[in-house]
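**Student:** Those sequence lines, one after another, are chains V, G and F.
Residue numbering for the first sequence follows our numbering, starting at 477 and increasing by one per position.
Residue numbering for the second sequence follows our numbering, starting at 477 and increasing by one per position.
Residue numbering for the third sequence follows our numbering, starting at 477 and increasing by one per position.
Calculated directly from the structure, the hints in this document are not laboratory data.
Only true hints are included.
A pair counts as met if it fits within one copy or between any two copies, since identical chains are not told apart.
Straight-line distance between alpha carbons at most 25 angstroms, and here's what the computed SDA-like set of lysine to any residue pairs gives: (1) Lys714 with Asp794; (2) Lys625 with Pro668; (3) Lys596 with Pro628; (4) Lys625 with Ala798.
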Amino acid sequence: MTKESRGRFFEDFRLGQEIAHATPRTLTAGDQAVYVALTGSRFALHSSDEFARRLGLPQAPLDDLLVFHLVMGKSVPDISVNAVANLGYADGRFGACVFPGDTLAARSTVIGLRETREGKAGIVYLRTVGSNQRGERVLDYVRWVMVQKRDPASPPPDPTVPELPAAVAADRLTLPDRLDLRGWDAETAGSPWRWSDFAAGERIDHVDGMTVEEACHMMATRLYQNTARVHFDARLQKESRFGRRLIFGGHVISIARALSFNGLGAATRVLALNGGRHVAPCFAGDTIYAWSEVLERAELPGRGDAGALRLRMVAVKDRPAADFPGRGADGAYDPSVLLDLDYWALVPR
Amino acid sequence: MTKESRGRFFEDFRLGQEIAHATPRTLTAGDQAVYVALTGSRFALHSSDEFARRLGLPQAPLDDLLVFHLVMGKSVPDISVNAVANLGYADGRFGACVFPGDTLAARSTVIGLRETREGKAGIVYLRTVGSNQRGERVLDYVRWVMVQKRDPASPPPDPTVPELPAAVAADRLTLPDRLDLRGWDAETAGSPWRWSDFAAGERIDHVDGMTVEEACHMMATRLYQNTARVHFDARLQKESRFGRRLIFGGHVISIARALSFNGLGAATRVLALNGGRHVAPCFAGDTIYAWSEVLERAELPGRGDAGALRLRMVAVKDRPAADFPGRGADGAYDPSVLLDLDYWALVPR
Amino acid sequence: MTKESRGRFFEDFRLGQEIAHATPRTLTAGDQAVYVALTGSRFALHSSDEFARRLGLPQAPLDDLLVFHLVMGKSVPDISVNAVANLGYADGRFGACVFPGDTLAARSTVIGLRETREGKAGIVYLRTVGSNQRGERVLDYVRWVMVQKRDPASPPPDPTVPELPAAVAADRLTLPDRLDLRGWDAETAGSPWRWSDFAAGERIDHVDGMTVEEACHMMATRLYQNTARVHFDARLQKESRFGRRLIFGGHVISIARALSFNGLGAATRVLALNGGRHVAPCFAGDTIYAWSEVLERAELPGRGDAGALRLRMVAVKDRPAADFPGRGADGAYDPSVLLDLDYWALVPR
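The shape of chain V in the complex, shown without the other chains:
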């Protein structure tokens, strides 16, 4: 039997199957430094131990999206090596903060399966849970991917499609233990705005642009130990329909989130990922801009210090976002749009 793995095909997934993803990872201040160098992230909670201590934490937690990408990266060798496409994610909720020295492990459960119409591939729905060394949940989310069949003639499974919420309900948002925004210092945080300053429908242009280099997106993706070869193998990709390496969608999210500090510096922590769509592929040389829209404002039960904002973050390429390019009247996206992400953020009151 060959020692190397070629990844699972659609036939290798069964409803209810549990998969423990290999090689847990201890995240450190080193990972955070590399993350900052690759994205420019500068949210105060993740940037300053002193700021974090004023909010009740022992030190600055690692960036939420670094945690998300690492947990997802862990699942790639088991789930998506033979994926045709990442179709979406939903119902993502962050739990315990991750601090330097915490070791994250990830597990996934198959919660849905259905063959595609053509019968050459199938869609696998998984709930992935990332936990720390104490078994505390740091993140869980549902992701669905289209995976090739090993044999197009193999019989389809009974189709099962999980019901997924359009967004995480506000009463299911959880705050990390001890985090208390009463100590929030707006000047230090770099944003004068608070929860009540935001209104549904409001749009914010994040102004700045960031050009992505091959070296940068590959370093980011390797940092997450994500092995999807479309990001790394230029020779293989030359033969693909894109003709070149594809930038990991998570890197686009991270760049847009870092840019969003200008306007959303008060969005101190990602509480939940409601859903997201990578509308178009991103390549080295593209310059990313971003804008956000406030979708909804929600109180957090029993919390006078903080509220939640449901935000839509749109990343575009090679044009400023000042006119908020998104979907047109016909529902079609502007050709510049890369990403349309729906998430909940924690904001001081």
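For this one, chain V is given, so just place chains G and F on it according to the hints.
**Tutor:** Chains G and F only, in chain V's frame:
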């Protein structure tokens, strides 16, 4: 009111104004590792905890220029987003060493203002102070930048131009607490030379060259959380007079300082930045070389273990520095010159 | 006397000469994070503190090859600045694990010297030892390099060529104190295979490919504080026979080792480097693939928990390695081959 910031214009600065720069930053061993990977820095004091302990410190402090760039990076969103040009800096003095885990915050005071002749912009002089979590000064310096006016017709302020020293006086140089060079081990430090081996007028070619890539300078500049868009936005820069991204001048300083180890390995710590000029812009693909000249040798009051050297460090591009290219007889710089920096370094006696 | 160093020439080496390499380095979790971001390394022992603790260690040790490259990098300014070629290494043995916070120093002893036939250069054989702050050996190896003569007319030394083993004998392999693989968890490690599953002659395709960028290989080489200018100076290299920067051979080894996780995830630690040959130069833009062959299986005296595998790792460029390109019947290498490395790895029983 829009949530995003477009940065201050000249009219937004007032004499005596104090600006607390947002998002303090906890620097870690991770930042030092990224700094080494981006610059090749290898001064023993910053490279080895054991070496630092022999000199009385609890562990290796972070590179001085990493601290400088971080403090300056913090000021960018408040000061120089609408800057036309960085005109200079002066009177920069390093104070307490910065160790992994220290959190740096930066504040600036407007100490001078004058409109330019054409009246479309003005020059703002600021003293910026970087402090650690105990309120100890780690660095302060004066910087002046030309900033656009929002409205060219707005009335000019009373012109105030601060008096700035050509160089920090030797008796104002401060050494970090506990640092004692009696334990200096020249073999381990990688340089046999001591303070008395240097003579004013002496020139040193640093021999090696370093080519800069877009990914490298952008990572460095993001590490400092410097958001100046000229370094990151290739699309925007295509429309600029340079046609491409401009490399952060601080990265050029860091590369030159790292190269200067060959010849100046004994220049163990930067004590002061007397002044500097970015003579020409640097772009990705340029190869940086450097040479230094000893300007002055100064005793440090009460210190038998160490003295100061005032050094001029010149960085050039795309040609070796063996013939010390600088200003010609007519005062004009050789076209290869990128940087002409005047600083004080601490050297063992 | 000039302050800068131009490096040793062949005449500067004497048999028995001891050279202490300058600027020891404290390695941290930051270095490990940068290493992961540059290579994609994901061996469980180096990735997870929890995994390492189950095997008796206090936390995850740094990647073995990061240690190797750092120790070798330290020797470059003293040994190979004027090297014409790195000819080989042999008899490399890893000792104590290196943990974040350990400070490594390197020393070399000249163990052989002989002039080349043409008399313009000579071959220097050195044994280099890397030690931690407690004086424990973390690595030692023999390396030989061809170094230019300062003066082609200078008389040759008595030729001395050390006897070197074709491979480290299995009974000379040393395991780090406390490391005990009885706690090995194959699922977490990401590989179901154990020592007895491997057989001499078996070949493993590591499947994935990694394209190397200029920024990535330069960052890696700077991380090791290796100053060899062929890797950094594009202007100088334009005049060389290659016309461009040469990728540090150690980076090719690290990329291939990281790729080898797919198939050799159980090869948890590098125990020894028997020898290696950089068959062809690697340049930015090349895509690296790798395959391995099991050369030999050895028991480790008194150890029921672990055995050793002697492995041959071959890195190729710009073509998959599924057909195991290596030497042809005529002994000549396939033109795609970059590296042919012989090493011992520790594997659970």
